[in-house]
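Asker: Listed here are the chains, written in short residue letters.
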Amino acid sequence: MNDTLLTEQTLAVQRPVLFRYALLQLRDSELADDAVQETLLAAWQSAAGFEGKAGLRTWLIGILKHKIADHWRRSAREAVAPTFDRTDEGDGEAEEDDYFMSSGHWNGGPKAWADPEAALKQQEFWAIYEVCQNNLPPKMANVFMLRELVGLDADEVCREAGLSDANYWVTMHRARLRLRECLDIRWFNNTKQEQHHA
Amino acid sequence: MRSCRDISALVSQELDKKLSLSERLSVGLHVMMCNRCRNFQTQSRFIRKAARRYTDELQSRLDNKS
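Protein chains in written order, with the numbering used here: chain A, 1 to 198; chain B, 199 to 264.
Be aware that a few hints might be false.
[Unchecked claim] Per label pair, the in silico range of CB-to-CB distance:
1. ARG222/B with GLY108/A: 24 to 32 Å
2. GLN37/A with LEU227/B: 15 to 23 Å
3. GLY104/A with ARG246/B: 21 to 29 Å
In short, the hints are calculated from the structure, not lab data. The beta carbon of each residue, even a glycine, is placed where N, CA and C say it ideally should be.
Turn these sequences into a full structure, and let the hints steer you where they fit.
Answerer: Okay, here's the thing in structure tokens:
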């Protein structure tokens, strides 16, 4: 089997991932669709340029990034959505220590959540989820979103974000600790929550 | 005996890779006895589920606006 062989089908399988990537940046389904369409077309036309070294998806995302950049240039608007290229200005390295005591035990720690599944059906929950996600330090948010929202593999995320393996694990773990705490405070163990269920 | 700090890190990693047998045993035994690490485990899995659904939610919200 030849990895470098590009068919319409191998390109089409990548469409959902590319679409989610574009949607998160452009925040418009039609624009995202167009960008993905242009990307697949460009990929198809320059199939010879694909050497299979970096992996098909990495190559396609490279093209997609250009299409998205073109869009911002044309519309001459500031990109408000995540650019997936941000860095954190010395975000506290020791922050994990807020969650644990020096003994290694939880400082406070996760209390049980009542019926998380029900939350997924509530508009208000998604608003809170978004707030919590936006509260992550920029680079941490990028890594988390590339992995969990766009759906890249861990090693693809490392390539995209320029992370080592070890950094990846730490970053994802901190993102989960933070998101968990935020959702806990703002939704699951928020006493005002009763209102949503009423 | 591994601490909650170490176990929670493994719980996180478990979402992205297969842990070694001894790591899996440590996590399994620990969460049996430790509510807070068990909650972290279920809640981390829930967060993954929510994150995967977020783009669909975003899309329907954006499409309803236009």
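Asker: Each hint should be assessed against the structure and marked as holding or not.
Answerer: Hint by hint, here is what the structure shows:
1. ARG222/B with GLY108/A: 24 to 32 Å: holds, 27 Å
2. GLN37/A with LEU227/B: 15 to 23 Å: violated, 51 Å
3. GLY104/A with ARG246/B: 21 to 29 Å: With Cβ atoms ~25 Å apart, the hint holds.
When each numbered hint is compared with the structure, a violation occurs for hint 2 only.
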